[in-house]
Amino acid sequence: MTKGMLTVLGKKGGKKPHEELGLSVEDLKRLYETMVRVRVFDEKMIKLQRSGRIGFYVPALGQEACHIGAAFALDDSDWIFPHYRDPGIPLLRGITIQEMVHQLYGNAADNTKGRQMPNHFSYKDINFVSISSPLATQIIQAAGAAYAAKIKKDGKVVLTSFGDGSTSEGDFHAGMNLAGVHALPIVFLCENNQWAISVPVSLQTGSESFAIKAQAYGFDGVKVDGNDILAVYKAAKESVEKARSGRGPTLIEAVTYRMGPHSTSDDPTRYTPEGELEAWKKKDPIERFKEYLRQVKVWDEEWENELRTTIAKEVDDAVKKAEATDPPAPDTLFEDVFAELPAQLLAQKDEMKRLIDEYGMPEGH
Amino acid sequence: MTEMNLIQAVVHTLDHEMERDENMIVLGEDVGKNGGVLRSTAGLYDKYGGDRVLDTPLNESTIIGSAIGMALYGMTACAEIQFQDFLYPGFDQLVNEAAKFRYRSGGEYNVPMVVRTPYGGGIRGGHYHSQSGETHFAHTSGLKVVVPSNPYDLKGLLLSSLRDPDPVIFMEPKRIYRAVKNDVPEEDYTVPLGKANLVREGEDVSIITFGSMVPVALSAAKAAEEDDISVEVLDLRTLNPMDEEAVLKTARKTGRVVSFCEAPRHVSFASEVSATIAEKAIDSMEAPIVRVTGYDTPFPYTLESLYLPDANRVYDAIEKVYNYR
Ligand SMILES: Cc1ncc(C[n+]2csc(CCOP(=O)(O)OP(=O)(O)O)c2C)c(N)n1
Ligand SMILES: [Mg+2]
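Chains as they are written, first to last, in numbering that gives the first Met the number 0: chain A, 0 to 364; chain B, 0 to 324.
The hints are simulated quantities; they were obtained by calculation from the structure and are not laboratory data. The structure displayed is predicted, hence computed values, not measured ones. A hint or two may mislead.
Here are the simulated distance ranges between beta carbons [stated by the list, open to error]:
#	chain 1	residue 1	chain 2	residue 2	range
1	A	K296	B	R177	53 to 59 Å
2	B	F90	A	A215	24 to 30 Å
3	B	R177	A	D356	31 to 37 Å
4	B	K279	A	V336	29 to 35 Å
5	A	G363	B	A274	30 to 36 Å
6	B	E186	A	D315	54 to 60 Å
7	A	L276	B	D50	27 to 33 Å
8	A	V336	B	H138	18 to 24 Å
9	B	K319	A	T308	57 to 63 Å
10	B	D182	A	V336	24 to 30 Å
Derived list of chain A stretches under chain B, where covered just means 3 residues or more per stretch with a C-beta under 8 Å from a C-beta of chain B [stated by the list, open to error]:
#	region
11	198–208
12	331–344
Glycine included, every Cβ here is placed at the ideal spot set by N, Cα and C.
Please build the complete structure, drawing on both the sequences and the hints.
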């Protein structure tokens, strides 16, 4: 258990922190670029939702360093059981903005066939396991996958992420406990953004931190500055190495802030104390990383502008394409309930077709 | 009398009862300062404070389990589960605990508590903000299941539920939260649990339904009227105990029944209604009982309107039972 909070950015003296962490200039650029991609994507999607073109959206605003920094410490073959506020992870692993926008539109080109609400991504090819709304369910599943990895001895590590509020669910405790009992190769990432919709962390736990909870399960907890991408990366890297070498799990608490609404259905002015957002805006993870990159001469204005213009265009093009794509075909309603369509469902599918023939598509479609 | 929508009726009724019963508390996620993510506890925190309007840690077992403890200790606990889809982490406390306390203790203990929860589709909420899980609850002996369809009934049924000596799950049709309005008296009144309501009288066909499907049934009935088919609509209001007398009465009257709910068909509440009629009123039936339900698939996002039964689907069934010879 590390006392206090791990930070890297802003430390004076010694070797350049990124070099100490073994990060190349290319790595730094990729991290920064992914953060900006998430930010620009978020801003555009919120606008789209406000203008009624997508139904719902969950921004990651302010939490870019947490999930991107942590995922960057993994190998591509490692598995992720994600929180819904982590769009940077698929982007980091090569999923395109276009693919994600199709999901937000739930159209025929959405790889998940318009089955779930926006932001509930699933990308099997990159070991990014399907997100569900019921909170914390992924945590015990992740422990199960890590248990399997241990049994198979395949050297893989599992990362699971979740919010501060989710630590109150039984599945969090079940996952932590199983991982502790069997020293599983897993990293738990708690993105403590101070709020679970309107409920503050003070009503979520009586512990001095979330990180400390790991102790009771027999492994280490680390509290890191979640708005410092190098600190998150450092903690994750150490935890991943530890897990891979058979030394068991780690709980990382990334201390951050939800700089936007919980989702587009939420109005934080009802419950957040005045001035809180402003104080955290000063610790914006992108601004802080940018400042570091400027100091080490990786960042300049020209690159920033080019980055933002390219990403904005990419998002706009993706939106255009998504809007020109039809919704999934009616028949798809009956796919994937089971591997094979039972007779009962086949009959219902025929009934649906007859109803469409007789009455047309239902209102609201 | 004030005209209210369902959400306003929830707030009004909780307020009404908290004022009358100082032992009553409300607990759940985001029910405090935020006033509920769907606004159904708006203003209560400001009026009654944090000792009576409790934001719990994010855990449904905590919400339902601690409500049981409070109820055992003599409080009137009104728990909120943010969406019915999220009740399942607390399912054990509801089904194995709340519902069985009286029976397992030979009547020594009872759990007078209410779990309020919005249910059902029609808000583009995908799998997890749309399900209609009433069968899970109605299948549980010892648990009352109440589903209002309009603000007047909501107040009367919620007050009955809060004053009932046994646990009640109170399922609120969120799709019509703001759409359905009627007059709600300011004064105290109750609507008894276990009593259905004939919301429309007719001669030829009966639709038996509840909750957010009541308005859908009524518009199908209207469409049928234009074709000279006279349809009556029975709003069950309570699923457990079910008003069997009212179900059999309408079935015997018209001899042609459409049993209607939005949940998947297999083992649905519509099936229970259908089985009851088949068992006890088959002699009066002029046509097979037809179920109109959601399909037996998980609840979809984009194709929601294809999934959910609409007035056309109900109308189609009305025609089918009406024309059966
Ligand atoms: C089991 C369950 N209960 C309730 C909800 C409703 N809900 C959605 S998000 C949320 C708050 C989550 O807070 P946290 O875990 O801190 O994650 P954050 O959204 O802050 O990233 C709640 C209560 C849910 N999705 N699942
Ligand atoms: Mg949170």
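Checked hints:
1. The hinted window of 53 to 59 Å between A:K296 and B:R177 holds, with their beta carbons roughly 56 Å apart.
2. Judged by the Cβ atoms, the range 24 to 30 Å given for B:F90 and A:A215 holds: they are separated by roughly 26 Å.
3. Between B:R177 and A:D356, the C-beta spacing of about 34 Å keeps the proposed range 31 to 37 Å intact.
4. Range check, B:K279 to A:V336: about 34 Å between beta-carbon atoms, so the 29 to 35 Å window is met.
5. Checking the proposed 30 to 36 Å range against A:G363 and B:A274 shows it holds: the Cβ atoms sit about 32 Å from each other.
6. The hint said 54 to 60 Å for the Cβ distance between B:E186 and A:D315, and at roughly 58 Å that hint holds.
7. Checked against the given bound of 27 to 33 Å, the beta carbons of A:L276 and B:D50, roughly 29 Å apart, stay inside it.
8. Under the hint 18 to 24 Å, the C-beta atoms of A:V336 and B:H138, about 22 Å apart, fit the expected range.
9. The beta-carbon spacing between B:K319 and A:T308, approximately 60 Å, falls within the hinted interval of 57 to 63 Å.
10. Separated by about 44 Å at the C-beta atoms, B:D182 and A:V336 break the suggested range of 24 to 30 Å.
11. Check on the region 198–208 of chain A: 4 of its residues sit with their Cβ under 8 Å from a Cβ of chain B, so the three-residue criterion for coverage holds.
12. For the region 331–344 of chain A, the proposed coverage by chain B is satisfied: 6 residues have a C-beta within less than 8 Å of a C-beta in that chain, meeting the threshold of three.
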